[in-house]
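Each residue of the sequence shown is one higher than the one before, starting from 26 at the first, in the numbering used here.
Honestly, the hints are just simulated from the structure, not real lab data.
Check before you lean on any hint, since a few could be wrong.
So the derived label-pair ranges between C-beta atoms look like this [as the list claims (entries may be wrong)]:
id, residue 1, residue 2, range
1, R310, L98, 51 to 61 Å
2, Q217, G28, 14 to 24 Å
3, G257, P329, 38 to 48 Å
4, R310, E58, 47 to 57 Å
5, R285, A215, 36 to 46 Å
As a list, the in silico DSS-like pairs of lysine-lysine whose alpha-carbon atoms are at most 30 Å apart [claimed, not checked]:
id, residue 1, residue 2
6, K158, K97
7, K35, K97
8, K69, K186
9, K97, K263
10, K158, K102
11, K97, K69
12, K102, K69
13, K158, K35
14, K158, K186
15, K102, K35
16, K186, K263
17, K69, K35
18, K102, K263
19, K69, K158
Built from N, CA and C at the ideal position, the CB exists for glycine as well.
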Amino acid sequence: MQGPSFIINKTAVAPGTRLTIDLHVARLYTHSEITMPVHVVHGKLPGPRLFISAAIHGDEINGVEIIRRILKLPVLKQLRGVLLAVPVVNVHGFIHHSRYLPDRRDLNRSFPGSAEGSLTARLAHLFTEEIVKNATHGIDLHTGALHRTNLPQVRADFDDKETARLARHFHVPVLLNSAIRDGSLRAVAAQQGIPMLLYEGGEALRFDEPAIAAGVRGIVDVMRALAMLPPGKTQRRKFPEQMLARSSTWVRSPDSGIFRTTRPLGFAVRKGDALGVVADPFGEREVVIVSPVNGIVIGRMNLPLANAGDALFHIARVERSPDKPARSDLPSNATVDEEDDML
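Based on the sequences and whatever the hints tell you, model everything.
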């Protein structure tokens with residue numbers, strides 16, 4: 026038996042239908058209107074209401090392509106519940122290839138926002154009221170920052186049983202237990218009692234096909250775990266071994282110079298393993314960068330030009346490590362700090 030229509034922005038979406046709705050964000054000084062498009066897929070039968078969002082940071086575009094591919098899947102005809110797909114949340118930033126909005130505020134530090142606040146606060150308020158409060162579950166899609174790439178990974182609160190269950194169904198190599206930051210989308214979702222995953226993969230302003238494909242597969246598998254989609258043939262697929270990390274560490278450059286990496290994303294390292302080298306342009310001074318912990322390389326700077334203090338590697342702390350750690354005779358004095366990244 027079909028349920029009632031789904032209501033968003035005073036618009037009704039009947040069961041068994043799908044519709045794109047433009048939510049008013051702002052009017053530019055050119056009189057042009059900026060809207061946030063939301064595609065609603067309402068299944069014929071009741072079920073969870075899942076939002077999938079991307080480009081909260083406007084230059085993180087892998088998620089836009091992930092959502093586009095999700096919306097083209099024929100299996101959505103068998104959807105139970107409601108899928109709320111928001112491929113471009115930060116429309117201003119997306120247009121200008123920028124992480125931020127015109128007021129230079131970080132949208133992912135501005136939730137739940139305010140209807141009378143700054144431009145960023147108003148967008149956060151709109152998303153909270155129309156998307157978050159209409160959902161029962163959420164997945165937010167991100168990439169590394171400019172010139173930084175991330176291994177496909179899920180960050181979430183693994184102390185919440187339902188969140189942890191869904192994260193494992195995403196089937197990415199690394200699950201990172203990440204503290205909830207004030208003002209983030211995850212924080213406002215937690216306040217509403219909504220289990221939410223944050224998917225990371227790839228680099229800003231670049232399509233990364235493995236990260237995109239992993240995101241599409243992961244979302245479909247989570248939707249199957251929620252019984253929004255019928256069971257698939259996941260038991261026949263070979264999934265990567267998952268490792269849960271309770272913390273992570275940034276490794277920063279001790280000096281300025283030309284950065285050369287020797288460890289790819291996903292590489293397991295031991296404490297003391299060589300990760301790369303920073304050298305001056307003349308080759309007169311070289312410093313090896315070593316891992317301060319056992320773990321997995323989940324993030325790396327791609328730009329080979331490093332300033333002192335630049336974050337070069339992001340390592341998830343796990344105990345698995347290779348049998349023979351890499352060694353080097355070069356001196357090392359890399360600095361490290363412990364912090365989550367800018368998300």
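Cross-check of the supplied hints:
Taking 51 to 61 Å as the suggested C-beta distance range, the pair R310 and L98 conforms, at roughly 53 Å. Between Q217 and G28, the C-beta spacing of about 21 Å keeps the proposed range 14 to 24 Å intact. For the hinted restraint 38 to 48 Å between G257 and P329, the CB-CB distance of approximately 42 Å keeps it satisfied. Distance hint check: the CB atoms of R310 and E58 are about 56 Å apart, consistent with the given range 47 to 57 Å.
For R285 and A215, the Cβ-Cβ distance of about 41 Å falls inside the hinted range of 36 to 46 Å, so the restraint holds. Simply put, K158 and K97 have alpha-carbon atoms about 25 Å apart, close enough for the 30 Å limit, and the pair holds. Restraint check for K35 and K97: the C-alpha separation of about 26 Å stays at or below 30 Å, so the hint holds. Among the hinted pairs, K69 with K186 is consistent with the structure: their alpha-carbon atoms are about 29 Å apart, no more than 30 Å.
Our distance criterion of 30 Å between C-alpha atoms is met by K97 and K263, whose separation comes to about 24 Å. Proposed proximity of K158 and K102 is supported: the alpha carbons are some 25 Å apart, at most 30 Å. Annotation: proposed proximity of K97 to K69 holds, straight-line Cα distance about 18 Å (limit 30 Å). Note on K102 and K69: the hinted pairing holds, with a Cα-Cα distance of about 9 Å set against a maximum of 30 Å.
Only pairs whose Cα atoms come within 30 Å are accepted, and K158 paired with K35 is accepted, the gap being roughly 14 Å. Note on K158 and K186: the hinted pairing holds, with a Cα-Cα distance of about 21 Å set against a maximum of 30 Å. The suggested pairing of K102 with K35 holds, with an alpha-carbon distance near 24 Å, which does not exceed 30 Å. Between K186 and K263, the direct Cα distance comes to roughly 24 Å. Compliance with the 30 Å bound is thereby established for this hinted pair.
As the CA atoms of K69 and K35 are separated by approximately 20 Å, the hinted pair is consistent with the 30 Å bound. For the suggested pair K102 and K263, the alpha carbons sit about 26 Å apart, so the restraint of at most 30 Å is met. Between K69 and K158 the CA atoms are separated by roughly 21 Å; this keeps the pair inside 30 Å, and the hint holds.
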